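Chemist: Turn these sequences into a full structure, and let the hints guide you.
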Amino acid sequence: MTTLTDPASVAARHRAAVIIPALNESGAVTAVVQDIIDQTALPVWVIDDASTDDTAEKARQAGARVISLPERLGAWGATQTGLREAKRMKLDWVITMDADGQHTPADIHLLLEPIREGAADVVVGSCTERGSKLRHIAWAMMRLTSGLNCRDLTSGFRLLGHKAIDLLSGAQASHLEYQDVGVLLMLDGAQLRITEVPVTMPERQHGKSRIFSSWLAVAYYMSQTLVLGAFKRRPPKLVKRWR
Amino acid sequence: MITVITGFLGFITAGLLLYLVRKDHLHVAHGLGWTLAIFVSAMLGFAPGIFDTVAQTVGVAYAPVLGLSIAIAALLVKALLTDIEYTRLKVRQQRLIQKLSLLETELNELSGNPPLDD
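Protein sequence lines, in the order shown, are assigned to chains A and B. Letter by letter, the first sequence follows residues 1 to 243 of my numbering. Letter by letter, the second sequence follows residues 1001 to 1118 of my numbering.
Source of the hints: derived by calculation from the structure; they are not laboratory data. Since we're looking at a predicted model, the values are computed, not measured. Mixed in with the good hints there might be a few duds.
[As the list claims (entries may be wrong)] Listed next, with one range per pair, are the computed distances between beta-carbon atoms:
| # | chain 1 | residue 1 | chain 2 | residue 2 | range |
| --- | --- | --- | --- | --- | --- |
| 1 | A | E177 | B | H1030 | 26 to 32 angstroms |
| 2 | A | A217 | B | A1071 | 33 to 39 angstroms |
| 3 | B | L1089 | A | S223 | 21 to 27 angstroms |
| 4 | A | V218 | B | T1006 | 44 to 50 angstroms |
Glycine is no exception: its CB is placed at the ideal position from the N, C-alpha and C atoms.
Modeler: Pasting the structure below:
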């Protein structure tokens, strides 16, 4: 079992939490929550995005704190709910993860390293080996329009420091529909230091992608993301690769 | 004859607006704006010569084009303002939903009671 260095002292010393937005993930959420708690001793918050299955109950039984939304807001809306709570509780940092088992809790310590050394405000867990050729073409198009040179633009596995929490919990961030390019552009625009670290991302264990659920959904997502990137782009700035 | 028809249509539409406001399908503030627009349209329908004079003054050769252009521009502005207002309301709604869920969670944790039904 891989554990964080001093997991108990990390949780005690840093006011932190793991935020997991979840929509109908009853098949995977139990294992995901238990894995995080076993390996990191960090508090886990599952933001139930008005699921129609028993995701909330299973997450609660697994040991997570469950915040249930009465109306579906999407992955970013659910994540922002967790960030607003993190801001209210004055947490030092949060980790955002997916509920489908794609992100490995054992890699959380990799995201912590740049933060511990004071070298970043945001750390993106990057796995560019995943996904089809189409996904890589999409990433290239997003980089072209947005000016961001982050390798993994759509990774939901991120560590956000308190400056990022403050920024992303605000009303301006509520205008965003997705958690990738728009969020990164907002962080970049606020001059926050963004770093990428390589992590492993196994294939999705349960369910399927909501964004890529149909060609219409893909078309809507891509057109929105590309237009947003073009409208909000800034001069190119290097996203640091951590070692 | 055409002026009578257009004027009559204007009054019919104004009557429809009155009905919508009475039945609370349309907010009074929006009803006022639409009423004004329809009143102006109805009056111009009774006196189309006004457009000929104005068109001549601004240099538009074919007067009805001026009326159509103004109408299209007004509708575009209206549509844009509606989208801006919709955006503001959507963001406000989202943040209220988030706040509600956080308060409800805290309340349930403190009281031990189950959450309210929707």
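Chemist: Looking at the structure, which of the earlier hints fail to hold?
Modeler: none
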